[in-house]
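From just these sequences and the hints, can you work out the full model?
Number of protein chains: 2
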Amino acid sequence: MSLVIDAATQDLLFREARTANTFTDEPVTDEQVQAIYDLVKYAPTAMNSQPLRIVLVRSDEARERLVNQMGDGNKAKTGSAPLVAIVAVDTDFHEHLPTQFPHYPGAKDAFAEEDARIPTGSFNASLQIGYLIIGIRAAGLAAGPMAGYDAEGINKEFFGDGKHRVLAVINIGRPGEGAWFPRNPRLEYDQVVTTV
Amino acid sequence: MSLVIDAATQDLLFREARTANTFTDEPVTDEQVQAIYDLVKYAPTAMNSQPLRIVLVRSDEARERLVNQMGDGNKAKTGSAPLVAIVAVDTDFHEHLPTQFPHYPGAKDAFAEEDARIPTGSFNASLQIGYLIIGIRAAGLAAGPMAGYDAEGINKEFFGDGKHRVLAVINIGRPGEGAWFPRNPRLEYDQVVTTV
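Residue numbers (UniProt numbering), protein chains in the order written: chain A, 1 to 196; chain B, 1 to 196.
Hints are computed from structural coordinates only; laboratory data are not their basis.
Treat the hints with caution; some may be incorrect.
[Unchecked claim] Simulated crosslink set (DMTMM-like; lysine to aspartate or glutamate; CA at most 20 Å straight-line):
1. A/Lys156 with A/Glu64
2. B/Lys75 with B/Glu177
3. B/Lys163 with B/Glu152
4. B/Lys75 with B/Asp60
5. B/Lys75 with B/Glu157
6. B/Lys108 with A/Glu188
7. A/Lys163 with B/Asp190
8. A/Lys75 with A/Asp150
9. A/Lys75 with A/Glu64
10. A/Lys108 with B/Glu188
11. B/Lys163 with A/Asp190
12. B/Lys163 with B/Glu113
All values derive from a computational prediction rather than experimental measurement.
Laid out in structure tokens, this is it:
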């Protein structure tokens, strides 16, 4: 009763949505990715910093380079998903603050030091990955986020400038046969929420 | 055209939703928080780790202790929001893996070392904060996430066990008069998304 979005949307975005482990062959188009981005870009980040960057792995050559960096349990699905996205933090996100957070002209200089920039960027890019996963589902697609890979290897293969750090790899597509593992339990409210 | 959720829901969750800076007096009930949790708890985390913990600051005494730790620009709104939540990572999240990720009995021991646990927990709790912000909006409420506070002070005041680390403080309620600052621009698709 407390939620205002309808039950079907609750199911689509959260209750029935699952991390897919197999996919159909149906392509995921650039138009779909653009629609997802144009939705989730509005979700909030500190100082409007928007540090998330997304690399769509579309060529066979890039796909092979990525699969080589994935953990064994993730290689098959990363090799066969219609689209794979490498999501990363741009540790030079502060370069955009003069245009993205114009009412605080000192914002860029406040992040002159990498030691301040990297944790802020990583945290906010992680929030944005949360938004992105919900956005992928809002497009009727399944997301398969993965953490099992050689991060240094991916950074070297795909981010030669040393300014980006991979945070996750996400398979995207329509769920295929046997896409779901059985759902694991969730923590109870009282295990997560306390009141003071 | 690529999105399957309706335009009103897109607006509610993303396009028209904004970070609120003032709130009405209307309370936010435990029932609302429970409904939000029961929605967003399904969103994915690595190994079903669910490291996010939420402290609802309801007593005057706790509110005062929190406001004292907030940056000057955040004190007034943190003091007046109907509900304030401290969201934190439980760095001992691995204790729950035997029940939450039962098909991999070695999961807990794989996180025996804090050096592996803290980055994984912080990343996944940050994803969950992204889900939570969308969930707050799904309940028709506005969220006001803040990063300007003394993190060590909050950890000391509210997490004396040394096992939790604050990641954000979120004001929650119905937007009040003058709740919104003008919306800042967003990065263009081509600034964020590349294809290889």
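How the hints compare with the structure:
1. A/Lys156 with A/Glu64: Status holds; Cα separation ~14 Å.
2. B/Lys75 with B/Glu177: holds (17 Å)
3. B/Lys163 with B/Glu152: holds (12 Å)
4. B/Lys75 with B/Asp60: Holds, at about 14 Å.
5. B/Lys75 with B/Glu157: holds (16 Å)
6. B/Lys108 with A/Glu188: Holds. B/Lys108 to A/Glu188 sits at ~19 Å (cutoff 20 Å).
7. A/Lys163 with B/Asp190: holds (17 Å)
8. A/Lys75 with A/Asp150: Given pair A/Lys75, A/Asp150 holds - Cα atoms ~12 Å apart, limit 20 Å.
9. A/Lys75 with A/Glu64: With a Cα-Cα distance of about 10 Å, the restraint between A/Lys75 and A/Glu64 holds, given a limit of 20 Å.
10. A/Lys108 with B/Glu188: Holds - the C-alpha atoms of B/Glu188 and A/Lys108 are around 19 Å apart, at most 20 Å.
11. B/Lys163 with A/Asp190: Holds. B/Lys163 to A/Asp190 sits at ~17 Å (cutoff 20 Å).
12. B/Lys163 with B/Glu113: holds (13 Å)
Taken one by one, the earlier hints all hold for this structure without exception.
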